[in-house]
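Chemist: The primary structure of each chain is shown beneath.
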Amino acid sequence: MRFFGASKLNCYLKAAVILGIVLTAVTVSVGIEAERVRKALVRIVVTSQTPDYRAPWKPGRIRRGVGSGFVIAGRRIMTNAHIVSNFKFMTLDKDGDPRKYPARVLHVAHDCDLALLEVADPSFFDGTETLEFGGIPELHSTVATYGYPIGGDRMSVTRGVVSRVEFRSYSHSGLDSHLTVQIDAAINPGNSGGPVVQDGNVIGVVFQGYSGAIAQNTGYMIPVPVISRFLHDINDQKYDGYVELAVNYINLLNPSYRNYLSLAPDLTGVSVTSVLEAGSAAGVIYPCDVLLKIDGHPITNDGHISLDGKYVQMEEIVERKYHGDTVTFSILRERQHLDVDVTLKAAWPYTIFTQKYDLQPRFVLFAGLLFQPMSRNLINAYKASDLDLLYHYNVFVTDEIYRERPEIIVLSDILPDPINAYFESLKMSMVDEINGVTIRTLKDVARAFSEPADRFIVRMVGDRLPIVLEADRIPVARERILKQYQVTREQHLGDGTARYD
Amino acid sequence: MIESIGITIRWQTAFRASMAAFAFLIVVGNVPAFERIPRNLGSIFRVAVTSQRYDFFRPWDKRNPSSKEGLGILVRNNRILVTARLVADATYIELEAPATGEKVLGSVEAIDHLADLAVIKPEDSRFMWRLKPWRLQKKAKLDDQLKAIQFEGNGTPIFTDGEIKSIEVAGYPHGESSFLVYRVDISLAQTGSSFTVPFVKRGKLAGVLMEYSRNSRNAVLIPGVVIDHFLTDLEDGHYDGFPRAGFEFSPLEDPQLRRFVGIDDNDSGVYITAVIPGSGADIDGLKPGDVLLAIDQYAIDKYGQYNDKDFGRISLAHLTTTHAFAGNLRNFKILRDGQMSFLTVHMNHISLRDYPSAPFVIDEPPEYFIAGGLVFQELSRQYLKEWGGNWASNAPRRLVYYDRHQWDLFEPGSRIVILSQILPSGSNIGYEDLRYLPVTEVNGVKVRRLKDIPRALSIPIDGFHHIVFAENPKKIYLEATALEAENAVIKERFGLTNLLRFNDN
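Chains A and B supply the protein sequences, listed in that same order. Counting along the first sequence from 1, when you hit position 219 you're at 219 in the numbering used here, and nothing is skipped either side. Counting along the second sequence from 1, when you hit position 478 you're at 478 in the numbering used here, and nothing is skipped either side.
Certain hints may be false.
As the list claims (entries may be wrong) - In silico DSS-like links for lysine-lysine, alpha-carbon gap of 25 Å or less:
1) B:Lys165 <-> B:Lys201
2) B:Lys451 <-> A:Lys293
3) B:Lys474 <-> A:Lys293
4) A:Lys483 <-> A:Lys427
5) B:Lys309 <-> B:Lys333
6) B:Lys121 <-> B:Lys138
7) B:Lys385 <-> A:Lys383
8) B:Lys68 <-> B:Lys103
9) A:Lys345 <-> A:Lys293
Because the hints were derived from the structure by calculation, they are not lab data.
All chains should be built: construct the whole structure from the sequences, respecting the hints.
Modeler: So this is what it looks like as structure tokens:
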């Protein structure tokens, strides 16, 4: 009987091979491809610790997650940033190898959801294959996804076609949009980080999809231009991230608007409405400028260009550039044609809108009052709904709040104690000043509370009561609060830059 | 809190009220005699109303008609009292005497939406011939027994008894003003007519129903004293409206804050957090940061309450609203920078016209102006409420913020004009997605009200209109001639009877 078991398995294997030969050549190459990808594919088991923005002195909640990844040139493993975010410990599994290889993050790019891992043990690469990258796939061409999704323990392969190629938001950071490719292959939790393969080459990394309740057979992958940009950016061993033009514009489809600018009918472009003061284009491009060409590509009246035979938003040019690169615009300013060069950099005020990872939350706790800079993480953690707070957050960039206040400081929570018993109604309001000093950053809060004073008067934005804290009551209250709530740390001000949480 | 609305205060009062009721039952162990069956039922009418609201997303259109039913009570000077919400946006009002079934048309004589009160008069005054008006019961105390009067479909009266559980100052329906209310624990009958159900005490009208929750058996009444203010105000033939001083305050509970502002006792004074520009409080010198200690002879406690001879401890807002008439003076005792002083403050009615964003637009159609398919409107809370019950979160955040902070951001009497939407046409191609944008300037003219738009559009700059917004795209241009030419097309295409509406008053 035990012999039967083995021979039966053998029969199946033979049958599969024979069938492969009898059918078509394509099936054979798919079979070979699958075997090659299998040797490059890894299963990533990550233990992460997510900081708790509601108790920022704590190390955070520990979780375990599983994702996929694959070996690329240079003995590196590519996966998604969201698989390895906030990781504390991580091991890699290979199919058919019982060993678990500890790994660490070499580079992570939260703005495009990509990461590179390295393994210390060189024997990990024994018998592994290295995958190469292809190009942007054609619509309706067939692709295969590989990974370790739910539903089993072994490698899974699904097939589908390319449904759509377009700019879309990357949900990991919550703000960034880049080129994505939509495929109709089944994608499930655990698939993330796995390769999408066509003609033996990786043409994308699986990264997000919809739950079946919202849309079916709609999965997204990160295409090669985004991956190449990431790999190029880290050539200097440091990930700098995307650069932004930080310019708002309006289309030039309206005939009146065109006549106002005396535009000849064959002249196309868009009209600038505002330029971010803290952005790349400040001082180079001005409102009312008409952008006609970007790096020589004519801009259509709704802001598109033709690039590599594809019709894409003009931002795609900037997407593929790096810190310090320039982009050249042909513009029309007060009816004069001229060329201007914009040296590209990131637009820091926008980072208030992105979800942060791998960072301990910054805060100041004083007399049980918790002060934190406004961020997307903060809003999510507290489910903030205060109108004044959300309004200032919304218009932080557009109304240039950041120029006056690089950070919006919030009284986010109160650890109840007799010293702060009456401040409940001030929770989630914005701090305006402490002892007459305008609060522009979290550091200002720490500094204001460290100045000697008889009492601290904290005033909020809006028509609210001031908070009065009498200095002689604070030491006792402080002892009580630290003990009662097991607070291990009273402040974390970060790395010195107010521009990053 | 707006002079009066105070969550803390309200909670406190409710708590005390329930404690009082509890104590009464324990100590006295007795139930007071029930209110006897009232007479004078012939002076209560059934009121059937057909109303038609405007659609603020399509300000040229009315919504489909809807009907409401309620009661009307004959009060002094041959006036029939109803709640304002029963007759809001009414197009047809019919009065019926339940006893006889006789019907007559009626019309609104005066209405105060903030106090939720109105009086209607029948087309034929013989309808009320020899009927006796209800007199008002203006005082009340906790545990008073009240009798609610309702009618079956066939005119048979239904009486239900209830007990006053609390007397306090609370927000009225539009959330813009707070007046006295009685909260009554009662199980009202389920009949079609729940508007203006009268509650009587010793043969007098003690209050009318404003809100009722069947789950908690909680009836909120507009009390006799508020009704009396409304009727008295009407007596000279001109309705002035309830006054207010025009400030907001917070309770002064924290001992650290009390010491900081220089109060040495433990229970007096409230902290002024805001003063409405142009209000009596503003003109007569009240400032944010002041501590209000007393109004006339009434000492104000740290929750903003005083001891009223008729109602016990209630919010100071009763003193500045129902207790006063427009133009009255009140003496404010205040503490500023540790110094005591007195201010004589005018109690003025803040007219709807003074609000940069009107808290409601009822009984009059929304104004609008359409040029080249661009629809301009004035921002109002009524407009924002088109986003539904959760409008404060769902409506465009900038507009909600402008409404909330209107007194700080805009001058009293000026308005917030928005480009609410665009009706697509050839001349506005490319702009069709623009909407909900505050308009700040047109052709160099600062926009302070809707009427500024046609005025400014009559003076294009070199043949072009320059329209400036508070946010992106900041500025757009339109050819004056294209705009003119397109108006007739748009009117025809979208079946509009008018491209503009201004209410001239």
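Chemist: Which hint numbers does the structure go against, in order from smallest to largest?
Modeler: Number 2 - this is the single hint that the structure violates.
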